[in-house]
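Enquirer: Here are the chains, one letter per residue:
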Amino acid sequence: MSMAADTTRVERPPAPPKPWTRTRIIGWLLVAFWALAGLGFVIYLYNAWNIDLVQKYGPRYWSGLKTTIVLVGLSLLAGALLSVPVALARLSRNPVVNGIAYAYVYFFRGTPLLAQAFLVYYGIGQFSAELKAIGLWGFFRDAWNCAFFAFTLNTAAYQAEILRGAIQSVPKGQWEGADALGIRRWYTFLRIILPQALIVALRPYGNEIILMIKGSAIVAIITVYDLMGETRRAYSRTFDFQTYLWAAVIYLLIVETLRNIWDLIEKRLTRHLKR
Amino acid sequence: MDKVAILLSWGDQGWADEIASGVVVTVALALATLPFGMLLGFFIALAKQSREPSLRLAANIYTTIFRGLPELLTLFLVYFGVQIGLTQALKAIGFSEGIEVNSFAAGMFALGVVFSSYASEVFLSAFRGIPQGQYEGGFAVGLSSGQTMRLVVLPQLIRIALPGLANLWLVLLKDTALVSVVGLSDILRQTGIAARVSKEAFLFYGIACLLYLVLAMISSIGISAIERRAARGNAR
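The listed protein sequences derive, respectively, from chains L and X.
The first sequence begins at 1 in full-length UniProt numbering and counts up one residue at a time.
The second sequence begins at 1 in full-length UniProt numbering and counts up one residue at a time.
Hints may contain errors.
Taking lysine-lysine pairs in the DSS-like style, the calculated list, with each CA pair at most 27 angstroms apart, reads [as the list claims (entries may be wrong)]: (1) L:Lys18 with X:Lys3; (2) X:Lys3 with L:Lys132; (3) L:Lys267 with X:Lys48.
Rather than coming from a laboratory, the hints here were simulated on the basis of the structure.
With the rest of the complex left out, here is chain X:
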């Protein structure tokens, strides 16, 4: 028991500080991916419910690809693809040094793309939940279509899409673990290093799982607070 206490202490002998920095990286990656993925997902949903067939086709190709590929493969495609592409581009202009892609940026991009393709489905079904009369009402009081979207449709849309987006956030939180494979020092990588050095794999991977659970629980609390706030217009 003492041994475990030392292993989990803060400082040179223990791993608590390393693991805590991993938690920060995991949360930072998920938080950085969220706005990017949501914005992209919203525009793809707009394209999917557009009356223009070409726009719908382009959006459907996008979601088919990124919902069909394993997240890990998408990550590798981005990570190695960008690396190879940039190296060759640099070679073309005379530099011969290979470059290393930042794994945080690659992870953010890959996870954001996957997130957006699922988020577009959530937004799309939320769009279907908004009656046509809302648009007509907006136009009738003289709002432009952009204003109608921003002032009338969007606030209702977010409320309808919230449960779906909350689910996707929990999925995103778990998917960040994949980025440890390309070298990001997140929870799973830091606990993995600790497990290898201390030979206490079960303890440290168990801690990793518990940390993900704690993050999920904190998220659930946050999400229900947001949902209550979003629903305050419905209270009677």
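Isolated chain L (complex conformation):
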């Protein structure tokens, strides 16, 4: 019985070999290019490895990295706090309040972060006498504080738009349903609207964090020694190109790590939406 079954079994024909089409050749050529570029990169860094350089500049890169992370983290937090009233003002039906909030958001989203940093760092210095009178000069004298101030205002504008879009994306029926149950407006907002809005806002918030980390590199130009600032200083002393390559590796690692962490968070928080 089984013998008969064996003899009648038909061999599955082998899969036809994939033809070397033009796209396939181009694709593998490009992959080979990246592989060679990566190999060249590693060989360059291996040959350029200089223990004196690493011992001298390694700790400085580390302190620069800490400056970047602290600066971005604090401005994101302060920006998040500031973005709430701005977003509420953007949602308000009062044309004056709405107009002011709109102008604020439009200004900070429409101009380069670098120009904003210059405006704060160099521009506010012009009013040192007035600032001394109200006791704020100590704050604005320091480049780090100026960067923090500019970043906070900038990210608050972006985060306000994220928040506003997310709140508006929650269907009106959610408000009406809560009203029908006699739930107070604030409670409705906090416990019904906001949780649904934050799920929508999750991805844009992640993008904003990454944008801020990348954008923070410009503080090097207003003499804050963040990762980019330390890199520039190291380059201007050694004229060794590997200083920039190390910075690129570090930035890439931070951004990729954050992106993956954010993907995990999103997967976890939206697991009830999976079908």
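With chain L held as given, fit chain X onto it using these hints.
Expert: Using the frame of chain L, we list chain X on its own:
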């Protein structure tokens, strides 16, 4: 107030002519980067939605790198990297003079590369918005795959991708400010010089911000005109 009027006048005493030339440079850089970045971005999007895994891998490596690096760092890598590379190449063939890379070209290349990696995402999601039937229809009437792409898919693709590309254009306009750091005489550099010479930093950097805002507003008007034109086939 008179002092401000003199500072902002046209000619030897004022800075208006210098700043105006900066505006021209900023707009020229953004306009020069746009076609380069869009074309590159389109091909990367094609590679990303290809059925060939190696092509997808190569395109994904590209976008991961250039979306992960700060724009300023990309610019420095291009500017100093090309400078060092060219100097060493020239040394190898006997020239010993160092050379200076044109900051406009370096900026155009660096911003174009960044633009293309973001544009590829926009094009990719636009590709997903085009039903398979459009390709099948194109093949059914006897068009080659190139013709189908050019005559059937591309016109629809651009319409879908337009809002995303418009956003990227506004980002590009702002990113050109970074090139002032490597010495391009754009808005920010010219107003910076004016600020240093006249000691009126707040005024001049404020003007720089306002000029960027004006450019953004003009762009928005232009973009909505293009969008209306692109949507005229949808009008009923």
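Enquirer: Where does the structure disagree with the numbered hints, that is, which hint numbers, in rising order?
Expert: Structure breaks hint 1 only.
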